[in-house]
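Student: Its first residue numbered 59, the sequence shown is counted upward by one per residue in this note's numbering.
One should not assume that every hint holds.
[Said to hold, decoys possible] Calculated pairs, SDA-like style, for lysine to any residue (alpha carbon to alpha carbon, straight line, at most 20 angstroms):
# : residue 1 : residue 2
1 : 253       : 240
2 : 324       : 341
3 : 222       : 249
Read the hints as simulated data drawn from the structure, not as lab findings.
Fair warning: this is a prediction, and the values are worked out from it, not measured in the lab.
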Amino acid sequence: MKPSISPRALFALLCLLAIGCGDRRAAPPIPDGDTAELLQAGEDALRQGYFEEALILADSAAARMPAAVEPLFLRGMIFTQTMRWDEAEASYQEVLKRDPEYLGAWNNLGNIALRQARVNDALTSYRNEIALHPAPRPWISVGRAYRELGMTDSATYAFDQALKLDSTALDAYLAYAQIREEEGEFDEGLRYARKAYARAPRNPDVQYVLGMLLTKTGNDAEAVEHLAAVTQVWPWHTESHYSLAQALQRLGRDEESARVLAEAEKLWQRQADVSFFQKAVTNDPDNAYNYAALGTALRLAGRFEDAVDAYKIALSLEGENLEFQNNLASLYFLQQDTLAAIRTYRAILQKDASMLSAWINLGVLHAVSGRPDLARQAWQQVLARDPQNEQAAAYIQRLDNEPARRP
Numbered sequence: 059m060k061p062s063i064s065p066r067a068l069f070a071l072l073c074l075l076a077i078g079c080g081d082r083r084a085a086p087p088i089p090d091g092d093t094a095e096l097l098q099a100g101e102d103a104l105r106q107g108y109f110e111e112a113l114i115l116a117d118s119a120a121a122r123m124p125a126a127v128e129p130l131f132l133r134g135m136i137f138t139q140t141m142r143w144d145e146a147e148a149s150y151q152e153v154l155k156r157d158p159e160y161l162g163a164w165n166n167l168g169n170i171a172l173r174q175a176r177v178n179d180a181l182t183s184y185r186n187e188i189a190l191h192p193a194p195r196p197w198i199s200v201g202r203a204y205r206e207l208g209m210t211d212s213a214t215y216a217f218d219q220a221l222k223l224d225s226t227a228l229d230a231y232l233a234y235a236q237i238r239e240e241e242g243e244f245d246e247g248l249r250y251a252r253k254a255y256a257r258a259p260r261n262p263d264v265q266y267v268l269g270m271l272l273t274k275t276g277n278d279a280e281a282v283e284h285l286a287a288v289t290q291v292w293p294w295h296t297e298s299h300y301s302l303a304q305a306l307q308r309l310g311r312d313e314e315s316a317r318v319l320a321e322a323e324k325l326w327q328r329q330a331d332v333s334f335f336q337k338a339v340t341n342d343p344d345n346a347y348n349y350a351a352l353g354t355a356l357r358l359a360g361r362f363e364d365a366v367d368a369y370k371i372a373l374s375l376e377g378e379n380l381e382f383q384n385n386l387a388s389l390y391f392l393q394q395d396t397l398a399a400i401r402t403y404r405a406i407l408q409k410d411a412s413m414l415s416a417w418i419n420l421g422v423l424h425a426v427s428g429r430p431d432l433a434r435q436a437w438q439q440v441l442a443r444d445p446q447n448e449q450a451a452a453y454i455q456r457l458d459n460e461p462a463r464r465p
């Protein structure tokens, strides 16, 4: 006769066999097809910087499947990019409440903490991510956090772990190079910088670190090549201009050095303005005008892509502000994104057809796009509202004279 097992003992045995029977939650539902489409559209909108649209799509996905985790994770990413740290953190915490092992949630919480200089909190989050999902990214994040604390040995260990998991991890090689530079081990740093360069020769971060280490190892001629490339991709980057000027001077190319140094001095003041408004945004992240001011400072510094992002964040907070939209359209034009600029001006004029500057700029965009009839119509809209407008009249006169200039 087989021994009988009490219900309590049977339950205990099943708990052991089933990997524990604590407070086990049901797995969150997987998004269905329609919800997945909303989430993909939200990610696409976020990638393009349409933060308000991305948030609407995330909310729509959540409304379709309230128990799903993915809409919350998307909200966390949106709030992070718009620097709404408390809301981002709350979103990721809710993700983990529903699914304690959700990939990337702890890592993103760590990033938020690090941005707020809560380095120990960041390390705790990154370690949690590594315990659940060992990967190069959280190990690199741990290394960066230890660098913030000045704990070089611990940072080096973290980057070693990242490279063990992925021998091609670019950020690990780059961070290694920077650590060795900070420690005064320039030759060793250069070795790692060259490894990073072999994997991403057109990456400006890589070229800058490589260029700096080349200057510190006496390779000014080679450094000039890389630093000059950085100044072309990042015309706003003060440090690369200064380093390039010094390398050129050491090579006896004094005239070129003086020209680059003069540009660096201009950039220094512009960067000071950017830093001022970045601090204003950090102190008051819900103020749309702080982002707009930052966008203007970034535009003056030549950082058009970053300026676009700043204005998009401003519009996510105050979507009906036509002045913000007008400035955003101008930035698209500076980036030579004519279609986006035209689309934005049209959106402005649908809301306020009396905005003359938008009509004038829309006409200019049509003209440079080879559509003189549409350009004329836009400028005529200006004259219909302001018959004495000299700018619109001059543009139309130029159109009238254009055929006579052709051979």
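Student: Now look at each hint and say whether the structure bears it out.
Tutor: Here's how the hints hold up against the structure:
no. : hint      : result
1   : 253 x 240 : 18 angstroms, holds
2   : 324 x 341 : 27 angstroms, violated
3   : 222 x 249 : 18 angstroms, holds
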